[in-house]
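S.K.: Between the sequences and the hints, there should be enough to build the whole structure, so can you do that?
Heads up: the protein sequence lines correspond to chains Z and S, in order.
Counting from 1, one number per residue, gives the positions in the first sequence under the working numbering.
Counting from 1001, one number per residue, gives the positions in the second sequence under the working numbering.
Be careful, since some hints might not be right.
[What the hints assert, rightly or not] Below, in silico cross-link-like pairs of lysine-lysine (PhoX-like), each with a Cα-Cα straight-line distance of 25 Å or less: (1) LYS41/Z to LYS1167/S; (2) LYS110/Z to LYS22/Z; (3) LYS140/Z to LYS41/Z; (4) LYS16/Z to LYS110/Z; (5) LYS195/Z to LYS16/Z; (6) LYS1162/S to LYS140/Z; (7) LYS110/Z to LYS195/Z; (8) LYS1100/S to LYS140/Z; (9) LYS22/Z to LYS195/Z.
The hints are simulated quantities; they were obtained by calculation from the structure and are not laboratory data.
Source: prediction; values computed, not measured.
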Amino acid sequence: MATIDTHQPALGKDDKSVPLWKRYHHGHHWRTADDEFDAAKIGIWLFLSTEILLFSGMFCAYTLFRLMYPEAIAAGSSYLDWRWGGLNTVVLLISSFTMANAIRCVQLDKQSWARINLIITWLCAALFLAIKLTFEYGPKWAQGKRPGVLFNYPFASETHEPIWWGIYYVSTGIHATHVIGGMALIALLIYRQAKGSYGPSHYTLMEGVGLYWHIVDLVWIFLFPLLYLVH
Amino acid sequence: MSHAQAHNQPHAYDPSDPHGFHEEGHHGHVIVPWQILLGVLLALLAFTVLTVFQAQFEKYAAHEWGWQIPGWVNVVLAMGIACIKGTLVVMYFMQLRYDKGLNVILLLFTLFAVWLFIMFTAIDLNNRGHITDWRAGEITSGGTGVGVRREGVTGPLIIVAKDEYIKDHGEAEYEHELHAHHATHGGQTISTAQASRSREGLTPGLFSTGVWEHLGDDHDAHGDAHTDGAHAEEADHSASEEHADENHDAGGH
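M.R.: Here is the structure:
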């Protein structure tokens, strides 16, 4: 498999004709750019492990409430339309692909392709949120399908449905918050990439944001069947 | 660390280097070919279609051929497919396949922690009542309206919502709307032989506190659903009795 040489000396620090990524030099407390990159990556993975644990709290609540009130979870799940959930899954999968592809393009110094991929990633994130708000949160909230004490849906059939809506809003809500955070980070990448900050020898931030974005996708891969399909 | 040992290390010890060792050479970063990335995306999309299909298939099989596929098959298949998809994302998009072993260990340990988290919470919930009975029911409030501080809440929230609607719009309007609403999500809210809405669940009878016990009596009594509701209730009662016996035996009381 192809690899790239990240061991390039930093060129003229103030030479404007040299792209930013070529002028970048790793921190003086690192032996090599590789050391810096690997340390950053371990840091990101540690952060991602806390993210997995955060989401696992919701998966834990889902599992246990499902064991206790299977009929309420089944009734609640039947209110959701798998077509919106499925469409959002496809949207997120595509954005994950374009994110991975953007990193690959930067590694090969194909800057305009990297930009296109990053922009598609951001647009997919926006589309995901738009679908979620317009077709799912909005109508459901208006009908009174709300979590816990806010619940006000008169046509419910199971006593514990408010708990289902609690699980639904908290898990998809925290996930959507991560999508918003991801959009901000990807926007930052688009801006910095346009300035020429990333190239074959330096793309640490892109790698980190990419990993974060894949985790957001990963969580949705599990949320989709649990909320929309399993009945 | 002695010098003799240090010389056996792959990187020579260097007293002038503040880190002690020279980095000899460096590994490159892997560039994953776009063909692999695209292949993984296509596989993920295919698995998405497959998981949606298998969820629909259960209903179809019951309706068309009268096959009764147990509910757990659906859960196991859906989660199995999700695990395959997750592994693909982690290995190729997140490049763990080409990455350092330390990151892999980090992820696996995290998943182990998730397993511990869910298992121990489940064990705790399942056994609370075995020591002191009153602890068993603690978690059941919430949806039932017990302990909910909202004006006018004197019972389960779903009944409160229903009563408020009838007060504002009248009984006839409610019946009319009820059918319209249920039609929008499959036209069926109560378990039938054709649906996988298992009344037993995996741990039946866990935390039945007896609060709002007779809730179903007046609530299920509406329109067409009435007969189904009665059946479902009977099934529920017999099922929970059976399982109560099982639990009793298993518990060794």
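S.K.: Which of the numbered hints above does this structure break?
M.R.: 1, 3, 8
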